[in-house]
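Engineer: Using the sequences and the hints given, assemble the complete structure.
Protein chains in written order, with the numbering used here: chain A, 1 to 267; chain B, 1 to 267.
It is worth saying that the hints were derived from the structure and are not from the lab.
Incorrect hints may have been included.
Just so you have them, the derived chain A footprint on chain B, three or more residues with Cβ under 8 Å [stated by the list, open to error]:
no., region
1, 16-27
2, 80-90
3, 126-132
A virtual CB, placed ideally from N, CA and C, is assigned to each residue, including glycine.
Here are the chains, one letter per residue:
2 protein chains.
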Amino acid sequence: MGELVFIGLGLFDENDISLRGLEEARSADSVFAELYTSLMIGLRIKNLELLIKDKIVLLTRQNLEEQDGEQILTEAKKGKTVFLVPGDPMIATTHVDLRIRAERNGIRTRVIHGASITSAAIALSGLQNYKFGRSVTVPFNGNCPVSETPYNVIKMNMRAGLHTLCFLDLKVEEDQYMHVHTALQMLFSIEDAKHESVITDKTLVVGIARAGSKNPTVKAGLFNEVLEFKFGGPPHILIFPGKLHFVEAEALVTLAHAPDIIGGWVK
Amino acid sequence: MGELVFIGLGLFDENDISLRGLEEARSADSVFAELYTSLMIGLRIKNLELLIKDKIVLLTRQNLEEQDGEQILTEAKKGKTVFLVPGDPMIATTHVDLRIRAERNGIRTRVIHGASITSAAIALSGLQNYKFGRSVTVPFNGNCPVSETPYNVIKMNMRAGLHTLCFLDLKVEEDQYMHVHTALQMLFSIEDAKHESVITDKTLVVGIARAGSKNPTVKAGLFNEVLEFKFGGPPHILIFPGKLHFVEAEALVTLAHAPDIIGGWVK
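Structural biologist: Right under this line is the structure:
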């Protein structure tokens, strides 16, 4: 009987896999990976193969989304198959889809969790987990009008005093990654129909670059200061804080280099 | 110069640490751990010591919260000190506090992330990450009246069509863990002042036990079915879904054994 084990690779490079994940991968008959749903800046597939002591078949978006993961399901019917995925493996919808398809084909599935950008970004900011509302992605707009969805989610959370985690769009296969600067410009440009703009040049924001790497950058400050701040290379992520508890304000000053005036945000 | 490295242990046992975390712990001058903020059912401190090849000083809630972590800060001033923490290390407020105190004492700090129950529970349910609103803890009430906070958070999220992740209270040092059954009973007992109860015997709920272990249990269904379901040992966690996308409904049926009538929840 075959089985399919989804294994989280974590955030930065091949050393972010757990001991359990490594052991499962080493004992597999077939090993697949995808590296397009997140950017792991330190990862080299060669190094991962040396670690696992096996060849890895790299799957593209096309393999998984257009061809419905046929290749991996075929192997998983025959023997123990592992699928290595950045972050925590089931956070991308496309992998939930693959898992459902596997189970319906009588293939047993299991999940070995990994560190996810969701908890890592919250952890690095020093803000409190249970005070985050719904999260949202700021998409590349291409030639389309700027999406209002992220703006509206931030506004709804702020009204409720909650923080918002904003994922910034990426197209790993085209080497395109949205930076904090671009995301802030896009969000600032949205006209609020009710003239109640919640994003002004005095809004408090937190930018995070390269979470999980050896040199993550975390910077909190007023909109204009963070807009001009040099975060360095991708991946970037953005947080719009809501109401702050005083420990959260202290964390932003001490851990995220916010100006001391931040005390004024404590409510 | 000393430094303090916070390392996430993940969810289940000593094998959930990352290769990077293990390497950092092995090269430390002093190793501390705490095991009271979450329950890692498979973890034995002896096995962790064998893995790290060093003695581990176990810190209690009292050491960290009443004595302000003096013991660990004293060591961190002298040399490389690591602090092993269940899940992702900065999710517990008390550790953010310790990190702030270390930085203010001139001790450099770093974070090695681990798998967190937040992303693991979402991953196991098959529900979509960005559709979760604010999360909440269902507390032990002791002799006090039942807290209305979790009920109100669930209600607010449901109104907005969002899912709610409910952490269930635990007192590891007293070996007390809230189960899905108790949490559902408490939430059901709350009288809604506006007579708009959002938790009825027909509400859809998802219970998860032992996320990250070799035999996690995930069960979705109507309130009464999940209330009577045998989840087995702790830790437990609870999700109240909001509006479902059809892939989410499929996931609950295929991965969480929800009854097929769940299609009726897709909106």
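Engineer: Against each hint, give a clear statement of whether it holds in the structure.
Structural biologist: Cross-check of the supplied hints:
1. Here the region 16-27 of chain B counts 7 residues with a CB under 8 Å from a CB of chain A, which clears the bar of 3, and the coverage holds.
2. Remark: the region 80-90 of chain B is confirmed as covered by chain A, as 4 of its residues place a Cβ nearer than 8 Å to a Cβ of that chain, reaching the required three.
3. Here the region 126-132 of chain B counts 6 residues with a CB under 8 Å from a CB of chain A, which clears the bar of 3, and the coverage holds.
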